[in-house]
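Listed here are the chains, written in short residue letters.
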Amino acid sequence: MKGLLILLGIIASTVIFCGVVPFVVMPGAGISMALPVISVPGEKLWEDFLGVDGLTVTNTLIGTLLADVVLLAFAIGATRTMRDVPGRLQGLFEVVTDALYSLAKSTAGANARKIFPLMATIFLFLLVANWIELVPGVDSVGLMHCAEDGVNGYPKDGVTLKVDEPLDAGTRATEADYEACYAKEHDDGEHAAEGEATAAAAGENSGEEDTAARDDLYVVTSFVRAAATDLNLTLGLAVLAVLAVQYFGIRALGLGYFAKFINIPALDKIDREPMGAMDFAVGFLEIISEISRIISFGFRLFGNIFAGQVLLFVIPFLAGALMPLAVYGFEVFVGVLQAFVFSMLLLVFATMAMTSHSHDDSH
Amino acid sequence: MQINGADFISAMKTLGAGLAMIGVIGPGIGIGLIVQGALTAMGRNPDASGQIITNMILGIAFAEAVAIYALVVALIILFVL
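Those sequence lines, one after another, are chains A and B. First residue of the first sequence? That's 4 in the numbering used here, and the numbers climb one at a time after it. First residue of the second sequence? That's 718 in the numbering used here, and the numbers climb one at a time after it.
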């Protein structure tokens with residue numbers, strides 16, 4: 004009975020928020036959904052932040068710092084007053100840590116204690132960073148500014164974008180539109196005449212295409228964007244992970260670790276085992292595979308989270324009725340799955356690096 | 718309707734990005750095969766399902782990496798080139 008009520012509640016709220024609100028309440032009120040800007044690099048919020056030369060703050064940087072702060076706050080809150088009978092927060096952390104540690108133990112065996120801290124940190128950080136994307140307001144609250152060339156802009160209404168129609172993807176701005184809008188924004192005081200002149204000149208330029216420049220196209224650059232939608236973070240984490248794997252390997256095997264890449268022992272025994280030449284050649288493939296791990300680590304995380312973000316942006320315009328809920332639920336799953344895959348691969352690669360291969364030479 | 722050079726280039730970019738995503742066919746088949754194998758194994762030996770699921774997800778991640786390469790090529794064509 005309770006389950007049936009919950010199901011009915013989910014269906015009712017989905018119909019209201021994915022059907023009635025966007026298609027019945029919002030049209031005419033000017034508060035329909037606007038298509039956010041889809042951009043691969045992190046969008047710049049402030050250049051020369053706090054007067055420091057060359058310090059550019061992007062919204063993905065803020066997303067990263069926010070994920071750090073949220074994770075630290077949870078960790079401090081859970082561990083500040085440790086009790087034998089854990090409270091809710093401490094209990095949650097104990098469950099998560101225990102699950103991760105038993106996973107590390109089942110894969111890495113005796114080496115689990117060495118790899119666990121890095122692997123668990125990356126898992127928890129990526130989990131928080133990926134789920135931040137799903138908080139309402141993250142990709143929609145930000146600085147409003149003129150739409151650049153090739154970006155879809157909307158008219159503005161006070162502090163919000165004015166979108167009257169449902170499924171309105173905006174108007175694609177051109178260079179002339181941006182010039183006109185910029186002139187209007189920055190020369191509203193004593194330079195008004197000059198601004199008019201610039202706008203007129205810009206209008207003249209685009210007059211060749213028989214369209215007047217619009218000076219009312221705006222876009223919003225959100226304050227926070229999911230950290231993993233920036234390649235800088237994912238490739239940075241990938242380089243860190245692969246370097247850590249080399250470190251674990253050298254710690255465990257000493258200089259013998261490099262025999263995996265440049266197989267001197269195989270060359271030593273080449274008179275007895277001619278097939279050792281093959282092992283030597285395979286060593287160079289190991290070097291290539293180590294480098295390709297950086298690429299696949301970085302792009303897997305970036306591709307999944309970025310594609311998820313684009314999907315969340317676009318799906319209300321493709322199928323506005325029930326699909327957004329399904330995609331949202333799927334992104335919750337993808338966020339935890341990608342965090343798990345990243346840390347799990349790190350665990351497996353580190354375990355492989357820490358295991359000596361020399362003992363099975365005799366077979 | 719007159720089509721100028723810039724329009725032609727942007728049309729070709731869109732087409733190229735769409736064609737690049739054909740590359741996800743292979744990983745799609747691969748992921749299907751991986752899950753099929755894992756489910757068969759779980760059916761035969763339900764006790765080992767924990768271990769099998771972990772390895773299945775790892776295998777899916779490797780197969781999926783290829784699909785991600787196709788996605789990255791499409792994104793580069795659309796947004797960077």
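No lab work stands behind these hints, which were simulated from the structure alone. Some hints could be false.
Unchecked claim - Incomplete in silico selection of chain A near chain B, CB under 7 Å: (1) Val43; (2) Lys47; (3) Ser299; (4) Phe302; (5) Gly306; (6) Val344.
Since the structure is predicted, the reported quantities are computational estimates derived from the model, not experimental observations. Yeah, the Cβ is synthetic: ideal placement off N, Cα and C, and Gly gets one too.
Verify the interface restraint on Gly306 (chain A): the C-beta must sit less than 7 Å from at least one C-beta of chain B. At about 4 Å, which falls below the 7 Å cut-off, the nearest Cβ of chain B leaves the hint on Gly306 (chain A) intact, so it holds.
Interface hint for Ser299 (chain A), Cβ within 7 Å of any Cβ on chain B: Holds, because the Cβ-Cβ distance from Ser299 (chain A) to chain B comes to roughly 4 Å (cut-off 7 Å).
Interface restraint verdict for Val43 (chain A) against chain B (beta-carbon cut-off 7 Å): 5 Å, holds
Was the hint right that Lys47 (chain A) lines chain B, CB cutoff 7 Å? 16 Å, violated
Take the shortest C-beta to C-beta distance between Phe302 (chain A) and chain B; is it under 7 Å? 5 Å, holds
May I ask you to test the interface hint for Val344 (chain A) with respect to chain B, counting a Cβ-Cβ separation under 7 Å as satisfied? OK, holds: Val344 (chain A) within 7 Å of chain B, min 4 Å.
The structure shown violates just one earlier hint, number 2.
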